[in-house]
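Taken in order, these protein sequences are the chains called A and B.
Those letters in the first sequence? Residues 1 to 332, by the numbering used here.
Those letters in the second sequence? Residues 1 to 234, by the numbering used here.
Worth flagging that the hints you see were computed from the coordinates, not collected in a lab.
Warning: the hint list may mix true and false statements.
Calculated pairs, DSSO-like style, for lysine-lysine (alpha carbon to alpha carbon, straight line, at most 30 Å) [unchecked claim]:
no.	chain 1	residue 1	chain 2	residue 2
1	B	K151	A	K75
2	B	K231	A	K119
3	B	K57	A	K5
4	A	K113	B	K151
5	B	K57	A	K75
6	A	K22	B	K57
Next come the chains, spelled out residue by residue.
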Amino acid sequence: MIEIKNLYKTFESSEGRVEALKDVSLTIGDGDIYGIIGMSGAGKSTLVRCINMLERPTGGSVLIDGKDMGALPAKQLREERRKITMIFQGFNLLMQRNCMKNICFPMELAGVKSSDAKKRASELLELVGLPDKAKAYPAQLSGGQQQRVAIARALATNPRVLLCDEATSALDPNTTHSVLSLIRDINKKLGITVIVITHQMSVVQEICNRVAILDGGMVVEEGLVGTVFASPASAAAKRLVFPNGADELISNPACERRMRVVFNGARTAGTPLIATMAVKENILANILSAGTRCVDDKVYGSMLLGIPGGEEQFEKAKTYLESVGDVHVEGV
Amino acid sequence: MGFENMFTPEKFEKAWQVFLEEMPFAVWETFYVTILSTFIALLLGLPLGVLLVTGEKNGILPLPKWLLNTINVVINLLRSVPFLILMIMVIPLSRAIVGTSVGTVATIVPLVCAAFPFVARLVESSLREVNPNIIEAAQSMGASPLQIIVKVMIPESVPSLISNTTIAVTTVLGYSAMSGAIGGGGLGQIAINYGYYRYQYPTMVVAVILLIIMVQIFQSVGTHLSVRLDKRLK
Ligand SMILES: Nc1ncnc2c1ncn2[C@@H]1O[C@H](COP(=O)(O)OP(=O)(O)OP(=O)(O)O)[C@@H](O)[C@H]1O
Ligand SMILES: [Mg+2]
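Turn these sequences into a full structure, and let the hints guide you.
Now the structure itself:
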């Protein structure tokens, strides 16, 4: 379990003070895939770097399984870091080492016997789906492949926690999807707690179970992904969930009731949901805006519907839509 | 003295004779003095260059400010003394180390003194090219400062270190020729002895051509190695 307690980080520079983190408190359970999302400059990287003390917090503490990271002496901190590994937006592989040697690198640092390290590296290459790239150099790989090697490298020392700082931000949507699937598999198979830093809501929707929204160095919202998505409370959360602006503002001349339908992994990609509702329930919904995406056969995102015919029709529509799993409906 | 007197047939004949009798050994002397001096300069300059980078305030192994400043000042001082003056200044040091201040071996002392601060700066610039994110990644994996230096910073900058070492080698080669003026051996000495003191210009020209060829060879080997060892290309 990772407990972040009242964390502060202030940068002093010639241009002045920057309060990058202000009283951040979070608890991340074992086995979670925990999303930390925020706009650029919100303090996400600073927060994740404070977890393994790459950045020393100005105040507060980080406890990992009860151990205060800030209080560890240098040598013990280095030992501990082998259990909390990290992947990065820029992959950060050693460019002069081939993939095999990159994966062996953290084991080399830890003093693992070379033959054992090689064996484990081969297994990891297999796990990340690149068994034939052992001898290739990073410059010969695509971004997605480099990130896979970085993931293998991060897993080499059997970590309990994997920190991902914008790990998919440099990748195209398909590659992003496949890398996220890999991270989810690792979480399931190996039971590793994953912390995913991102500025993309889609990433959180795709793999996280819990999410914290960071804005101006503060946690403005925290909870289960489904809950935060269904009813974002803070302005920052609304901005992230509805990037096209608040759709309540769309004019409403017919004075129809409106509802927001949030899809949180609903298996409706193959069904014409709104059309079926029209045929079966005889409700003629008016689609005012929609921002949904399909991932595998699951749908994520939200839709704003206008329901003519007053309260009765509205309730009927609500009941119908909610009968589909992983769909959340609320009146606006 | 007219041009025709500078390059008479007799002088060309002399040049040919010197070329056959003295140049091979002179080339060898210049070669080993250059390589040996650069090697020793690297032994001193590499750790210094590392300290200059890692010892900074935000470096991986911060040094006390006064110490870093002292290293910087000493390097700058040594770098700003003209080589000709430096050679004379270190004569007592040469006597203390090799027992004499003249001869080929003795010139290694001033050459190293001139080259190691230069090498330290070159190493510094090579190491600064290493992507700081890669260093941070190594830290996040629990690398100690020494491991970062030995396993990340130096291996990652090998191509740049090699091309900078090539610059050092060619510079030292030039200095070693200059050291011929105060009793060093090698091609520089031949050029000065025959060309300057005895007006044997063709001999001097031959010695200079050999120096140019040596620079070319060092440079090509260095460039080739640096490119071949760089895994970022291809
Ligand atoms: N070393 C530093 N010195 C001074 N200010 C810093 C430093 N690192 C970060 N900051 C400041 O702290 C704030 C938070 O930065 P941080 O990198 O954590 O943001 P982020 O949420 O990761 O943004 P992005 O999505 O762009 O990566 C920013 O205002 C940034 O300018
Ligand atoms: Mg960031």
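How the hints compare with the structure:
| no. | hint | verdict |
| --- | --- | --- |
| 1 | B/K151 / A/K75 | holds (18 Å) |
| 2 | B/K231 / A/K119 | holds (24 Å) |
| 3 | B/K57 / A/K5 | holds (29 Å) |
| 4 | A/K113 / B/K151 | holds (16 Å) |
| 5 | B/K57 / A/K75 | holds (21 Å) |
| 6 | A/K22 / B/K57 | holds (26 Å) |
Of the hints listed earlier, there is not a single one the structure fails to meet.
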